[in-house]
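Can you build the whole structure from these sequences, using the hints too?
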Amino acid sequence: MIQQNRSFFIFLVALNLLLPFSVKAGESLGTFQFQDFSLAPRLEVREPSEGGFDLKESWISVQWLKDEFIHGQFRLGTLDQIQPVIWMNPSKDGFGLIEAWVELKSTSGILRVGRLPIPDGFEGSFGDGFWLMPQSEVRKRSWLFTRDEGLTLEAITKPWLTSITVHNGESGPNADAKMWVTGRWQYLDNNTGNGVLLTATEGSTNPISTSSSTAQTTDSFRFDNTKSSKIRWGTLALFHLWKRDYWNLEVGRGDILQDADKYPMGWGRFDVSWNLGGDLNLLGRYEQTQSDLKDSATISKISAFGFLLSSRDQLSSLTLFFKHKEEQPSKNNDEALLLFRINSSSAGI
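So for the sequence shown, the working numbering puts the first residue at 1; every next one is plus one.
You can take every hint at face value.
Listed next, the in silico DSBU-like pairs over lysine-lysine satisfying Cα-Cα at most 35 angstroms (straight line):
no.	residue 1	residue 2
1	K140	K331
2	K56	K243
3	K140	K323
4	K230	K294
5	K92	K227
6	K325	K294
In short, the hints are calculated from the structure, not lab data.
Values in this document were obtained by computation on a predicted structure and should not be read as measured data.
The following block contains the structure:
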């Protein structure tokens with residue numbers, strides 16, 4: 001923690017030096033400016049009699065602008081935003097560098113390279129600024145990628161968007177020398193807020209990157225962390241985003257291949273955030289996950305509802321969210337979340 005605080009202090013001192021200097025030398029070095037921030041303290045309570053306060057999904061970012069074709073971003077924040085997928089060795093919690101990338105724009109598309117967000121599923125495709133609903137179970141439990149080191153090629157011809165991302169798969173240095181690929185295909189009608197999103201991810205692992213994985217022990221995946229594997233999955237989402245109203249129907253399906261065996265997995269979710277008038281939204285969710293489609297005992301069902309009270313400018317909000325879980329074997333594991341968020345960008349898109 002001392003080292004993390006020292007790194008953050010050095011970052012702020014360097015930023016303080018760079019900001020005035022960039023004004024004098026703007027033509028040669030570009031300019032630095034604060035991009036956005038989020039602060040999201042929360043209280044989580046779980047059965048039986050567990051819980052506490054925590055700080056997650058919080059960050060501050062700085063943008064570097066060279067010209068209209070070249071820019072970059074540095075983001076410091078809580079490390080829950082760059083946790084590896086569940087099949088990889090977990091990383092430590094705390095505070096650190098979660099994004100650092102450079103983007104090149106041209107008439108044919110966008111190239112982004114560095115430590116960057118991975119457009120995996122709906123939540124990964126619309127970024128951390130979208131906060132009309134709390135995180136889904138599959139994202140919270142790291143079934144999907146959040147960030148990694150790699151490069152993205154993106155082409156936008158509204159209302160269509162297509163991207164392909166090649167990345168390490170370990171949300172950090174590429175210890176196992178394997179590469180992953182994530183594709184995104186999206187249609188979004190800005191006049192109605194209706195859209196369709198398809199994402200697909202595929203990659204390989206070996207015991208160097210999976211020796212400490214908790215996939216089998218925590219989520220009952222049929223996954224041997226001492227063997228090499230090939231893992232693939234895809235998601236399909238139908239969604240509506242219009243002002244303060246939102247719904248999303250998303251399904252996912254994947255396979256874990258080890259030796260000659262194939263272990264299928266799947267999940268699905270329906271989210272709705274319905275504006276009741278003014279600044280109050282009613283939240284509802286039904287989510288089902290199954291880490292092994294051949295074993296019904298791995299089914300987990302989550303029913304949830306809550307309320308979102310946001311400021312008129314949507315830059316701050318208070319969320320109260322209750323979750324009821326059904327798992328085998330049956331146990332008392334319901335949860336309640338009280339989340340306060342200050343965000344420099346408004347909810348939605």
